[in-house]
Each structure stands twice: as C-alpha cells, then as structure tokens.
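**Q** Letter by letter, the chains look like this.
There are 2 protein chains.
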Amino acid sequence: MENQDFSFELISQNGRARLGKIFTPRGVIDTPAFMPVGTQGTVKGVFTEDILKTGTQIILGNTYHLLLRPGIEVLNKFDGLHKFMNWDKPILTDSGGYQIMSLSSLNKIDRDLGAIFKSHIDGKKIILSPEKSIQVQKSINSDIIMVLDECPKLTKDKKILSKAIEVSTHWAERCKIEFGQDKSKALFGIVQGGLYQDLREESINSLTKIGFDGYAMGGLAVGETQSDMFKILKETTNLLPKKKPRYLMGVGTPSDILGAVNQGIDMFDCVMPTRSGRTGLAFTWEGKLNIKNSKYQKDKEPLDPNCEIRELNQYSKSYLNHLIKSNEILASMLISLHNINFYQQFMREIRKNIESGTFTTFYKKYIDYFN
Amino acid sequence: MENQDFSFELISQNGRARLGKIFTPRGVIDTPAFMPVGTQGTVKGVFTEDILKTGTQIILGNTYHLLLRPGIEVLNKFDGLHKFMNWDKPILTDSGGYQIMSLSSLNKIDRDLGAIFKSHIDGKKIILSPEKSIQVQKSINSDIIMVLDECPKLTKDKKILSKAIEVSTHWAERCKIEFGQDKSKALFGIVQGGLYQDLREESINSLTKIGFDGYAMGGLAVGETQSDMFKILKETTNLLPKKKPRYLMGVGTPSDILGAVNQGIDMFDCVMPTRSGRTGLAFTWEGKLNIKNSKYQKDKEPLDPNCEIRELNQYSKSYLNHLIKSNEILASMLISLHNINFYQQFMREIRKNIESGTFTTFYKKYIDYFN
Chain A
1 MENQDFSFEL ISQNGRARLG KIFTPRGVID TPAFMPVGTQ GTVKGVFTED ILKTGTQIIL
61 GNTYHLLLRP GIEVLNKFDG LHKFMNWDKP ILTDSGGYQI MSLSSLNKID RDLGAIFKSH
121 IDGKKIILSP EKSIQVQKSI NSDIIMVLDE CPKLTKDKKI LSKAIEVSTH WAERCKIEFG
181 QDKSKALFGI VQGGLYQDLR EESINSLTKI GFDGYAMGGL AVGETQSDMF KILKETTNLL
241 PKKKPRYLMG VGTPSDILGA VNQGIDMFDC VMPTRSGRTG LAFTWEGKLN IKNSKYQKDK
301 EPLDPNCEIR ELNQYSKSYL NHLIKSNEIL ASMLISLHNI NFYQQFMREI RKNIESGTFT
361 TFYKKYIDYF N
Chain B
1 MENQDFSFEL ISQNGRARLG KIFTPRGVID TPAFMPVGTQ GTVKGVFTED ILKTGTQIIL
61 GNTYHLLLRP GIEVLNKFDG LHKFMNWDKP ILTDSGGYQI MSLSSLNKID RDLGAIFKSH
121 IDGKKIILSP EKSIQVQKSI NSDIIMVLDE CPKLTKDKKI LSKAIEVSTH WAERCKIEFG
181 QDKSKALFGI VQGGLYQDLR EESINSLTKI GFDGYAMGGL AVGETQSDMF KILKETTNLL
241 PKKKPRYLMG VGTPSDILGA VNQGIDMFDC VMPTRSGRTG LAFTWEGKLN IKNSKYQKDK
301 EPLDPNCEIR ELNQYSKSYL NHLIKSNEIL ASMLISLHNI NFYQQFMREI RKNIESGTFT
361 TFYKKYIDYF N
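Protein sequences, first through last, are from chains A and B.
Under the working numbering, residues 1 to 371 are what the first sequence spells out, in order.
Under the working numbering, residues 1 to 371 are what the second sequence spells out, in order.
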C-alpha cells in the first residue's frame with residue numbers, strides 16, 4: 001500500500017543540490033520538481049492527459065483566481081479541483097497573497113483582518129483572512145497548502161520588509177491553527193526578507209519555531225537580478241530544516257532553476273513554459289528559440305525529434321512558424337506542450353546528475369544557456 | 001491493394017438521400033460526408049490525431065489563405081499540405097474564389113485575367129487566374145480540387161447571376177485544361193445560378209458538357225433562408241449526374257445538412273463546429289447548448305458521457321462553463337473537438353438510416369432540431 005501521509009525523503013546530495021521524494025496520498029513527487037501552473041483550473045492550452053505524459057507529477061493552482069471563479073460553491077460540488085479539472089495527481093495551491101498584490105485594485109493589508117481587495121472580475125470587495133485562505137485551499141482540496149503571506153514588491157527598504165515579516169509570521173501562526181491536523185496534506189511556510197540575509201534568517205527562525213511541512217522562499221523572482229537571487233539563496237537555504245522540502249516560488253527559466261537547485265532548492269513553479277508557448281518561444285537543448293523568426297520558415301526539423309507525445313515530432317518548425325504567424329490556437333497547444341515536456345526532461349536530467357554525482361558538470365554546462 | 005484512382009460508388013438510395021463511397025489514394029470517404037474546415041492548415045484548436053479519432057475521413061483547406069501564407073514555396077518543400085500539417089487522409093481545397101470575394105479589398109473579376117485582389121495580410125496585389133488556382137491546389141497536393149468560380153453575393157438580379165455563370169463556365173473550361181490528366185485526383189465543377197431553377201439548369205448543362213469528377217452547389221449558404229436553399233436543391237439536384245458526388249459548399253447546421261441530404265447531396269463542409277466551439281456553443285443530441293449560460297454553472301454532466309476521445313466524458317458542463325467564462329484556450333479545444341465528434345456521429349446516423357431505409361423517420365425527428 002502507498003504511503004498515505006505527506007512526507008519528504010532526502011535521498012542524496014551532490015554539493016548542496018538535493019535529490020528527494022515527496023510522498024502524498026495522490027502520488028510521489030521526485031525532487032527537484034517543476035510544477036506547471038494551472039492558474040484558473042487549467043494549465044493553459046494543454047490537456048491534463050498530455051500533462052501526465054510529460055512526466056509532470058504535481059501542478060499548481062491559484063487560490064485567488066479559483067476563489068473568484070468558479071468559486072467555493074462549485075469547487076465543493078466536485079470535492080475540490082482535482083475532479084473539476086480531471087487531474088488526479090497532487091496539486092499545490094498558493095495562498096492568494098501574491099495575486100492580490102499584483103492583480104487587484106484597492107488592495108490593503110490589515111494585520112487582523114487579512115488582505116482586503118477588489119475582485120479584478122466584478123470589483124466586489126473581498127477580505128481574505130489567513131483562516132479564509134486555508135479554508136479556500138481546503139475547498140480546492142489542495143495537497144500542499146501555502147500560508148497567507150504579505151509579499152512586498154522589490155524593495156531595499158528594511159522597514160517595509162521587516163513589517164512584512166512580522167505580519168506574515170503572525171498570519172503563518174493563524175494558518176497553522178486553521179490548518180489543524182491533517183497528515184494527508186502539507187502546510188508550507190513562506191520566508192520573506194527580500195535580499196537581506198539577516199531578515200531572511202529572522203523570518204526562517206520565526207517560521208521554524210511554528211513548524212511547517214515545508215518552506216518556501218517568497219519575495220524572490222520579483223524583479224531582482226539572477227545573481228542577487230542566487231546570492232540570497234546561497235546565504236540562506238542552509239538555514240532551512242534539512243529534512244523538509246524547499247520551494248522557490250514563481251521560478252523560473254531553466255537556468256534560474258539550475259542555479260537554485262545548486263543552492264539546495266527542491267521545488268519550482270512558473271508560467272514560463274505555457275506563457276512562452278503562446279508567444280512562440282520554445283525551450284530546447286539548443287537554447288531558447290523564437291519560432292516566429294523568419295529563419296524557421298522553411299525549417300523542416302521538429303522541435304524535438306524524439307517526442308512522441310501528441311505526435312510532437314511530426315510538426316516542423318516551419319509549420320509552427322506558420323501557425324504562430326497565423327495566430328492559430330494550435331501553435332499555443334503544440335509549443336506549450338513541448339515546453340512543459342522540455343522542462344520535465346530538464347528536471348529529470350538534473351535529478352539524474354545529482355544521483356550520479358555529476359551535477360556540477362551539468363550545472364556548468366547549462367547555467368548560462370537560457371539567458 | 002487499395003483503389004489508387006479517384007472514383008465514386010453510389011451504394012443505395014432512400015428517397016432522394018444517397019449512400020455512397022468516394023475512393024481516393026489516401027483513403028475512402030463514406031458519404032454523406034462532413035468535412036471539418038482547416039482554413040490555414042489547421043482545424044482550429046484540434047490536434048490532427050484527434051480529428052482522426054472522430055471518424056473524420058477528409059478535411060478542407062482554403063486555397064486563398066494557404067496561397068498567402070505559408071505560400072507555395074513552403075508547401076512545395078513538404079510536397080503539399082498533408083505532410084506540412086500532419087494529416088495523411090484526403091484533403092479537398094476550395095478554389096479561393098469565395099474568400100477573395102468575402103475577405104479582400106479591391107477585388108475585381110476579369111474574365112481573362114481571373115480574380116484580382118489585395119492580400120488581407122500585406123495589401124499586395126495578386127491575380128488568381130483559373131490556371132493559377134489549379135496550380136496552387138496542386139502545390140497543396142489536394143485530393144479534390146475545385147474550379148475557380150465567381151461566387152456573387154446573395155442577389156435576385158438575374159443579370160448578375162447570368163454573368164457569373166458565364167464567367168464561371170469559361171473559367172471551369174480553363175481549369176479542366178490546366179488540371180489535365182490525373183486519375184489520383186478529382187476536379188469538381190461549381191454550379192451557380194442563385195435561387196433560380198432555370199439559371200441553375202443552364203449552369204449544370206454547361207458544366208456537365210465539360211465533364212467533372214463531381215459537382216458542387218455554389219452560391220448557397222450566403223444569407224438565403226433555409227427553406228429557399230432546400231427549395232432550389234429540390235428543383236435542381238436531380239439534374240446533376242447520378243454517378244458523381246454532389247457537394248454543398250459551406251453548409252451548415254445539422255438540420256441544414258439533413259435537409260440537403262434529403263435532396264440528394266453527398267458532401268458538406270462548414271466552420272460551424274469549430275467556430276461555435278470557440279464561443280461556447282455545443283451541438284448535442286439534446287440540441288444546441290450555450291455553455292456560457294449560468295444554468296450550466298453547477299451541471300456535473302459531461303456533454304457526451306460516451307465520448308472517450310481526449311477523455312471528453314471526464315469534463316463536466318460546469319467545468320466548460322468556467323473555462324469559457326475565463327477565456328481559457330482549453331474551452332475551445334474541448335468544445336471544438338466535441339462538436340466535430342458530434343457532427344461525425346450525426347453523419348454516421350444519417351448513413352445508417354439511409355442504409356436501413358429509415359432515413360425519412362430520422363429526417364422528421366431532427367430536421368427542426370438545431371434551429
């Protein structure tokens with residue numbers, strides 16, 4: 001019988017890069033893992049059946065979007081998001097905090113009430129308290145639940161960052177209480193502190209005292225340089241509990257991922273493979289290709305001659321170039337699927353190289369590859 | 001070994017409804033047949049692999065669109081459209097005439113030169129002669145080629161319609177010469193004459209004198225009422241050669257198709273299943289459903305509980321309602337595929353009922369169903 005409780009096993013390390021396994025009632029997740037983003041209950045332009053074929057073991061859903069539409073009442077009718085969207089593998093949900101900051105108008109943080117915002121769909125005022133965020137994520141029936149945090153925009157202002165840590169820690173405590181006891185699910189804390197090691201350390205200390213099933217690095221990939229991001233990861237990931245999974249939210253390009261794995265991160269999510277897919281950018285082992293470029297107009301080679309999912313190896317760059325220029329839906333469908341498949345290939349190569357102790361060689365080969 | 005020449009076999013009749021088979025080197029087409037439209041080298045939002053699974057045996061490509069993009073040079077590199085778009089079953093192409101009239105600015109008909117138009121993409125002036133239309137369709141490597149015709153807008157002006165017949169007949173002769181001898185392909189003539197029986201008869205007489213492998217009814221589905229269309233079909237289809245396939249261009253709803261089959265038509269094409277799919281209209285045995293309607297918001301039933309293609313029976317109307325309202329690509333993907341599958345189910349039922357001699361009962365049951 002499968003392990004029915006959430007747990008994490010650290011299998012081996014190569015330098016600071018970690019190979020592991022997350023167990024959940026809905027399936028195992030090999031780490032380092034990449035989670036495609038299904039913002040509104042769909043990974044844009046890709047059938048769930050095909051997501052599975054790429055080797056994806058977990059996807060991400062956005063609490064903010066799902067709360068507004070389809071809403072809790074509909075999700076409850078389906079016992080959560082899995083059945084609603086026809087995906088029975090694990091789902092991680094963010095807490096909604098990040099989208100509230102970036103998408104809503106009139107957003108306000110109130111330490112007691114929570115995040116106050118106007119829906120970007122109908123302008124309705126909504127209060128998302130830490131407790132409400134957990135309740136919504138439970139309605140989604142999410143397997144990995146994130147605490148509600150305050151995620152400030154990129155800033156060097158220590159006062160703003162300190163205040164965000166204080167509020168986020170307070171909310172994290174309330175989320176932990178609301179989450180209660182549920183060994184089938186996980187609750188992750190979110191570390192804030194911008195690019196300051198001392199603030200990150202303070203945040204980590206507060207969160208580990210409360211105790212979570214995993215820890216996310218928040219407030220990164222918000223506009224800082226890649227080297228600033230790698231630097232703060234280098235200074236702080238080792239302060240995180242070794243036996244818990246570590247998740248870098250919203251990251252990133254293949255080289256962002258590679259550099260973060262090199263600092264001990266285990267989990268990633270990003271809209272990049274699908275968003276790039278819709279604009280004709282394809283990730284390949286030859287680098288990032290802009291398929292709209294006229295040099296591909298007569299290129300008879302497929303993006304990946306070995307990929308048989310949905311006969312992807314039967315579609316030439318020439319055809320993709322034609323589809324993108326003609327604004328055809330099929331362009332998004334084919335390139336998004338290709339990109340997710342490439343990301344999962346890339347993650348498998350990362351895991352293989354950690355396992356065989358050759359991660360540093362792989363790292364050096366690809367770290368500057370996709371910039 | 002398969003029959004390598006194009007041919008048509010009329011198997012049986014039930015009233016005027018005909019059951020038949022078209023043989024081509026690329027496969028057999030059971031008639032009455034519905035051809036999904038792949039305007040720009042893709043049936044919008046549907047993988048070719050999935051089109052096959054709906055039982056589709058032939059699709060339509062648009063000469064006008066393909067001439068402008070990707071263009072002949074690219075198509076020649078792939079020996080035509082089949083390999084370019086990964087579809088190895090038969091393809092029928094229109095001649096370009098209809099799109100030139102409806103999409104281009106500065107279009108002009110010159111009896112000697114052909115159709116003169118400005119590209120809707122870059123404004124470039126292009127002359128499509130009858131000979132050029134056939135050459136382009138041969139570059140597409142189309143299995144069923146249409147003559148270039150002048151398709152006037154809906155009018156009761158006999159002078160306009162007569163002139164169009166005269167020009168179209170002249171062009172049909174030139175197309176026949178340019179087509180030459182190629183038993184693996186078919187060349188279809190296009191009957192004009194608006195809603196006048198005498199003009200249609202004149203057009204049919206001229207075309208049958210030239211001699212074609214099949215005959216299309218053109219200049220219908222251009223804004224006339226359904227009963228006007230059925231009336232002119234009733235008055236004229238019997239004038240067409242019995243042993244050649246008959247194709248009603250650009251038609252239509254399931255009930256349009258049913259009524260036209262009732263008058264002896266064998267082939268149809270229409271963008272309706274995919275265009276409706278993109279706006280959330282689904283064709284089902286319960287009628288046409290507007291999935292955007294809030295009454296489906298909590299409807300847990302799938303559109304077709306028996307359809308296993310791409311797990312369509314796993315997606316509820318509630319989920320489709322959510323996707324459509326959220327402008328998600330997956331809505332177009334799922335509903336377009338469902339609609340094509342429904343159309344092909346509908347055609348199979350039509351054929352089954354002609355075969356078993358129960359077509360009239362089926363006709364009466366569904367003729368008013370999808371209006």
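FYI, nobody ran anything at the bench for these hints, they're computed from the structure.
Glycine included, each C-beta is placed from N, C-alpha and C at the ideal position.
Watch out, some of these pointers could steer you wrong.
Just the calculated beta-carbon pair ranges, DEER-fashion [unchecked claim]:
| # | chain 1 | residue 1 | chain 2 | residue 2 | range |
| --- | --- | --- | --- | --- | --- |
| 1 | B | N306 | A | G211 | 43 to 53 angstroms |
| 2 | B | T208 | A | T279 | 23 to 33 angstroms |
| 3 | A | G287 | B | D368 | 50 to 60 angstroms |
Some chain B residues well away from chain A (every beta-carbon gap over 10 angstroms; in silico) [to be verified]:
| # | residue |
| --- | --- |
| 4 | E49 |
| 5 | R69 |
| 6 | K132 |
| 7 | K158 |
| 8 | H170 |
| 9 | E328 |
| 10 | Y363 |
**Q** Checking the smallest CB distance to chain A, is B/Y363 really beyond 10 angstroms?
**A** At about 35 angstroms from chain A, B/Y363 clears the 10 angstroms cut-off, so the statement holds.
**Q** Go ahead and decide if the range 23 to 33 angstroms is satisfied by the Cβ distance of B/T208 to A/T279.
**A** violated (52 angstroms)
**Q** Beyond 10 angstroms on every Cβ pair: is that true for B/K158 relative to chain A?
**A** Given a closest Cβ separation of 39 angstroms, the condition holds.
**Q** Okay, B/N306 versus A/G211 on CB: inside 43 to 53 angstroms?
**A** Holds - the Cβ-Cβ distance for B/N306 and A/G211, about 50 angstroms, lies within 43 to 53 angstroms.
**Q** Is the Cβ of B/E49 more than 10 angstroms away from each Cβ in chain A?
**A** Given that some Cβ of chain A is not farther than 10 angstroms from that of B/E49, nearest at about 6 angstroms, it is violated.
**Q** Tell me if the beta carbons of A/G287 and B/D368 are separated by a distance inside 50 to 60 angstroms.
**A** Cβ of A/G287 to Cβ of B/D368: about 58 angstroms, so the range 50 to 60 angstroms holds.
**Q** Beyond 10 angstroms from every Cβ of chain A: is that where the Cβ of B/H170 lies?
**A** Given a closest Cβ separation of 33 angstroms, the condition holds.
**Q** Verify that the Cβ of B/R69 lies farther than 10 angstroms from every Cβ atom of chain A, and report whether the claim holds or is violated.
**A** violated (6 angstroms)
**Q** Confirm or reject the statement that B/K132 sits farther than 10 angstroms, beta carbon to beta carbon, from all of chain A.
**A** It holds; B/K132 is separated from chain A by about 21 angstroms at its closest Cβ, greater than 10 angstroms.
**Q** Verify this label for me: B/E328 is non-interface relative to chain A, using a Cβ-Cβ cutoff of 10 angstroms.
**A** violated (5 angstroms)
Of the numbered hints given earlier, the model fails hints 2, 4, 5 and 9; all others are met.
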